[in-house]
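Asks: Okay, here's what each chain looks like letter by letter:
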Amino acid sequence: MQGFLLGRLVQACGVLFVVSVITFALIHAAPGGPAVLLQPDLTREQMRELRAEMGLEDPIAVQYARWLGNVFQGRLGRSLSQGLPVTTLIADRLPATLLLSGVALLVTLALGVPLGVMSAVRRNSLADYLVTGFAFFGMSIPVFWLGIMLIIVFSVELGLLPSAGMYTLGEPFSVSDRLRYLVMPTVVLAAANLAQITRYTSSSLLGVLAEDYVRTAHAKGLSERAVLLGHALRAALVPIVTVIGLLLPRLVAGAAITEAIFAWPGMGRLAVDSAVQRDYPLIMGITLMISAVVIASNLLVDVIYGWLDPRIRMKSEE
Amino acid sequence: MRMNRRSFFRRAVLGAGAGLLVACAPAAPAPTPKPAAEVKPTSAPAAPIQPTVVAKPAEAKPTEAAKPAARSGGTFKLPVNANITPWPPIGIIQNLMVNKVILSQLVKYNKTDFTPTADLAEKWSVSSDGLTWTFNLKRGVTWHDGKPFTSEDAKFTLEVYKDAKVNSILRSSLAPISRIDTPDPYTLVLGTADKFSSLPELLCYLCFMMPKHLLDGQDLTKPPEEFIAKPIGTGAFKFVEHVRGDHLTVAANENFHLGKPMIDQIIYKIIPDVNTTVAQARTGELDIAFIGLSHLDALKGAANVRIDEANQMDMRVVGGNHKHPKFGPWLQDKRIRHAVSYAIDRKQIIEAVTDNRAYPIVGPIPPFLSTWVNKSLQPWEYDPEKAKKLLSEVGFKPGAGGVMELNGEPFRFTMLSDKGQPDREQTGLIAQQNLKDVGIDAQIELLDFNSFSTRWRTNRDFEVVNWYYVTPSTPDLTAYWTTGGSTNEWGYSNPELDKLFAEARTVFETDKRKAIYDKVQEVLHEDQPVAFLYTPKELRAINAKVKGFPSLGYRDALQWMHEVSFE
Numbered sequence: 000m001q002g003f004l005l006g007r008l009v010q011a012c013g014v015l016f017v018v019s020v021i022t023f024a025l026i027h028a029a030p031g032g033p034a035v036l037l038q039p040d041l042t043r044e045q046m047r048e049l050r051a052e053m054g055l056e057d058p059i060a061v062q063y064a065r066w067l068g069n070v071f072q073g074r075l076g077r078s079l080s081q082g083l084p085v086t087t088l089i090a091d092r093l094p095a096t097l098l099l100s101g102v103a104l105l106v107t108l109a110l111g112v113p114l115g116v117m118s119a120v121r122r123n124s125l126a127d128y129l130v131t132g133f134a135f136f137g138m139s140i141p142v143f144w145l146g147i148m149l150i151i152v153f154s155v156e157l158g159l160l161p162s163a164g165m166y167t168l169g170e171p172f173s174v175s176d177r178l179r180y181l182v183m184p185t186v187v188l189a190a191a192n193l194a195q196i197t198r199y200t201s202s203s204l205l206g207v208l209a210e211d212y213v214r215t216a217h218a219k220g221l222s223e224r225a226v227l228l229g230h231a232l233r234a235a236l237v238p239i240v241t242v243i244g245l246l247l248p249r250l251v252a253g254a255a256i257t258e259a260i261f262a263w264p265g266m267g268r269l270a271v272d273s274a275v276q277r278d279y280p281l282i283m284g285i286t287l288m289i290s291a292v293v294i295a296s297n298l299l300v301d302v303i304y305g306w307l308d309p310r311i312r313m314k315s316e317e
Numbered sequence: 000m001r002m003n004r005r006s007f008f009r010r011a012v013l014g015a016g017a018g019l020l021v022a023c024a025p026a027a028p029a030p031t032p033k034p035a036a037e038v039k040p041t042s043a044p045a046a047p048i049q050p051t052v053v054a055k056p057a058e059a060k061p062t063e064a065a066k067p068a069a070r071s072g073g074t075f076k077l078p079v080n081a082n083i084t085p086w087p088p089i090g091i092i093q094n095l096m097v098n099k100v101i102l103s104q105l106v107k108y109n110k111t112d113f114t115p116t117a118d119l120a121e122k123w124s125v126s127s128d129g130l131t132w133t134f135n136l137k138r139g140v141t142w143h144d145g146k147p148f149t150s151e152d153a154k155f156t157l158e159v160y161k162d163a164k165v166n167s168i169l170r171s172s173l174a175p176i177s178r179i180d181t182p183d184p185y186t187l188v189l190g191t192a193d194k195f196s197s198l199p200e201l202l203c204y205l206c207f208m209m210p211k212h213l214l215d216g217q218d219l220t221k222p223p224e225e226f227i228a229k230p231i232g233t234g235a236f237k238f239v240e241h242v243r244g245d246h247l248t249v250a251a252n253e254n255f256h257l258g259k260p261m262i263d264q265i266i267y268k269i270i271p272d273v274n275t276t277v278a279q280a281r282t283g284e285l286d287i288a289f290i291g292l293s294h295l296d297a298l299k300g301a302a303n304v305r306i307d308e309a310n311q312m313d314m315r316v317v318g319g320n321h322k323h324p325k326f327g328p329w330l331q332d333k334r335i336r337h338a339v340s341y342a343i344d345r346k347q348i349i350e351a352v353t354d355n356r357a358y359p360i361v362g363p364i365p366p367f368l369s370t371w372v373n374k375s376l377q378p379w380e381y382d383p384e385k386a387k388k389l390l391s392e393v394g395f396k397p398g399a400g401g402v403m404e405l406n407g408e409p410f411r412f413t414m415l416s417d418k419g420q421p422d423r424e425q426t427g428l429i430a431q432q433n434l435k436d437v438g439i440d441a442q443i444e445l446l447d448f449n450s451f452s453t454r455w456r457t458n459r460d461f462e463v464v465n466w467y468y469v470t471p472s473t474p475d476l477t478a479y480w481t482t483g484g485s486t487n488e489w490g491y492s493n494p495e496l497d498k499l500f501a502e503a504r505t506v507f508e509t510d511k512r513k514a515i516y517d518k519v520q521e522v523l524h525e526d527q528p529v530a531f532l533y534t535p536k537e538l539r540a541i542n543a544k545v546k547g548f549p550s551l552g553y554r555d556a557l558q559w560m561h562e563v564s565f566e
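Listed in order, the protein sequences are those of chains E and Y.
Heads up, the first sequence is in numbering that gives the first Met the number 0, so the first residue is 0 and it goes up one at a time.
Heads up, the second sequence is in numbering that gives the first Met the number 0, so the first residue is 0 and it goes up one at a time.
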C-alpha cells in the first residue's frame, strides 16, 4: 500500500508539472493581456514600459521558469488586478465554495442514492418513471434558467427567500440565515447532479441484482432488505464512487454560473474573473490547486474501490 | 463499533459543516451606526469663491448650499459587477465607484453644467502669465484616521499619478504639470510650461487625493496591500469592511468637510449578473440597479421602484483606423468618411437601441455639456443617395455581390465590437444593414472585452470599431483628437485641429475658450474622423424612497452621496 501511494505521489508531481506548463502556455497564447494595463490615457510606449516592469516582456520560458522557481519557494505571486497574494484570494473564496458545493453534494447523495435504489428495485413502476423523469428534467434544464426562475418565483413573487448573496448584510451570524441563502443555489447545483447519481445507482444496482451471488443470498433465505443493503448495494457502489470522485473537485473549483447568478463569492467566479482579466498569477494558482484536488480525489477513489471490492485491492497489491 | 463509526461520521460532518458556516461569516457584524447625534446647522460649505482670473461660466451656483440637514439614516445598497480594488490610479469602474465616496478631489464637476466646483480646494486662481496655478485648500479637513489633510498630500498624490512606474489613468492628463510647490500647508502651487486653461476641469476627473502619511516610501508600482485592505480618505464615507467577492461597506464620515452625510452606510454588493440586480431592486435588497432597456418590462408595476434616466459622458461611435494599411489611405479622403456618415441612420439606431432614451450628438461633446456644446451644429443627416454619389465621385464602382470597389479593391472591412453588449450588437447590425444599402460590406466580429481592448487600444490592430468611450467633462479633448494623442486610437490627424486645441489651452476667459471649442467642433463635424452616433442616457431603477440621488450618471452621482437620504 505504501509503495502504491508513493508511486502515485511521484506521478502526481509529474501531472502537476505538465498541467502547469500547458496552462502557462495557453494563457499566454490567449489574445489580450492583463486588464489592469488596458486603462485609457497610457500611450503604447508607457504601456510597454509597465509590461516590462511586470516582467511580461520576457520570453515565455523565462517567465515560466521564474514562476516555477517561486512556486518551489512556496510563493504563488500577487494577483495583477487585485494586488493581493494569490494565496490570500484563494483562501478568501475557498470556505464559501466548500460550503455551497459541500451542501449540494450531500443533498445530491442523500437524495440520489435512495432514489436510484428505489427505481432499481421497483423497476418499471410508476415511482421508477417519476424518478427517471425527474432526473432527466433536472439534467436537461440549463443552470442559469433554473436559477433565474427560482429567484423570480421564491424571491420576487413569493418573497420567501433572499435572491442572492451569502448572508444578510449587517446582521449577526445565524445558521438559519445562512441556510436561507443556501437553499436556492443548492437546489440548482443538486438538480444538475442528481440525475447522474440516480441513474448510475439504478443501473449499477440492476446489474448486480442479476448476479449469481445475489440469487445465492436469496436462496439462503436472507430477507429482501438484507440482500439489498448488505450484499447488492455495496457492490453496486463502485461505479457510483467513480461519479462522486469526478464531482469531488467541484468542492473546491466551485460552479461559476451558479455562483454568478446567486452572487455567491466562490472559487468558480474567481477563476472566471481571473481568466477574463488575464490575471496570470491568479489563473496559475487556481489551476494548480484544482489539479491537485483532482489528483487527490482520484487517489481517494482508488483507495475506496479497494475497500468496497476486495478483488480490486488484491490486484493493486500484486 | 459500527454504531460508533457511524455516529462519529455524522458528528464529523455536522462539525465540519458548522465550521464552514462560521468560517464564512463576516469578520464582525457591521457596526450599527449611531443615530444622528449632532447635526451641524452650519455645515453647509461656502459657495466656491470666484477665482481671480478664471472666468467662471455663469455664476458659481451654490449647488451644495444650505440644505436642512435632516439626517434620515439607513443603508444605501448598490451593485458593482466585479471585484473591487480601491486603488485610485487604476480607474476601473468598480474601483472608482468606491473611491468616489471614500476619497475626495481638489475640485469636482458641479451637478448642473459640469463646470469645476470646490471640493478640497475652496478656491483657485491662475497667475497673469497663465503659467502658475494657486489652489487654496480648505482648512481643518482631516483624513479618516484623524491626520490633517495638507498641500503635502496633494503634492504627493499628483506625483504618484505622474510617476512613470505607476500604472495610472491620469498619466497623460497631468503631464503638462511641470512644477508642484507647497508654500504652506494650505496652498498648492502648480506650474505648467505652457498655458493650460483646462487644468481645473481635468483635475475634476478621477484625481482622488491620497494620504502621504500612509503611502510615502512604499512601492506603489503595484496596489499597496495595506492601503487597499483599509483605504483612508477624506471623503463622505469611511471604509468599514471588505469581504472580497461579496461586499464592501462604508459608513458616514461625521467630519466630512461638506457636511455629515444623511445616511449611515453604503454597501457595495458585488453581483456579477445584471438579472440578479434587477430582481434585487424589486425585492428591495438593492436601492439602485443600473439596467438596460430589456429590463424595463421586468420592473413594470413594481411600486417600490422608480425608473430614472440620467446624463452621462458616454459617446457611441463607429470609426475606422486612419493608419490601417488599406483603409488609412481611403480615410484620408473626406468624401469617403462623409459617405459612411451619410449612410448610417442614427435615428433608426437611437429608436431601436435606446427607445429614444439618448441624445443624437454632433461631435465629441454631448448636448448636456451646455457650456461647451456648439448649438449651431446639426447631427449628421441620413442620406444614402448622397453616400452613393460621393462614393462614385471618388471612383468606386459596383463589383461582385453589389459591393463597391475602388481599383478592384472591395469596400469590405471587419467591424469589431465587444461581446455581450446588446446595445453595441444591435447598433452593429443596423449599421451593417445601412452600409450594405450603399454597397459597403461590414463584417461584424465580436470579441471578449479583453481581446477587443488589446487589439484596439494596445495594438491598434483593427479596421473599423463599433464602440463607446467615456471622457472627462471638458471640451479639452486633446488626448482624444490631436495627432498622437494618448487616447486617439483612431490614428486621426488634422494639423488645424491640433493648433486649435493648443490655442484653446492658452485662453482663460470662458467666452473666448468657447469660441475656439466651437470651431473645434465645427472642424470635427466637417471632418467626421469617426461617425458620431449618440450618447445614451443611463437607465436605472431606484428605490422610490430614495431622495436626493442626483440626475447624473453614476460616475458623477456618487460624489454627492452625502446628500442622498431616505424618505
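It is worth saying that the hints were derived from the structure and are not from the lab.
Hints should not be assumed to be uniformly reliable.
Stated by the list, open to error - Chain Y stretches covered by chain E per the calculated footprint, using a threshold of three residues with CB under 8 Å from any CB of chain E:
#1 85-91
#2 167-180
#3 216-225
Glycine included, each C-beta is placed from N, C-alpha and C at the ideal position.
Asks: Indicate, hint by hint, whether the structure satisfies it.
Replies: Status of each hint after checking the structure:
Remark: the region 85-91 of chain Y is confirmed as covered by chain E, as 4 of its residues place a Cβ nearer than 8 Å to a Cβ of that chain, reaching the required three. Against chain E, the region 167-180 of chain Y contributes 6 residues with a C-beta closer than 8 Å to a partner C-beta. That satisfies the three-residue criterion, and the hint holds. With a cut-off of 8 Å between beta carbons, the region 216-225 of chain Y has 5 residues touching chain E; three or more are needed, and the interface restraint holds.
The structure fails none of the hints (numbered hints given earlier).
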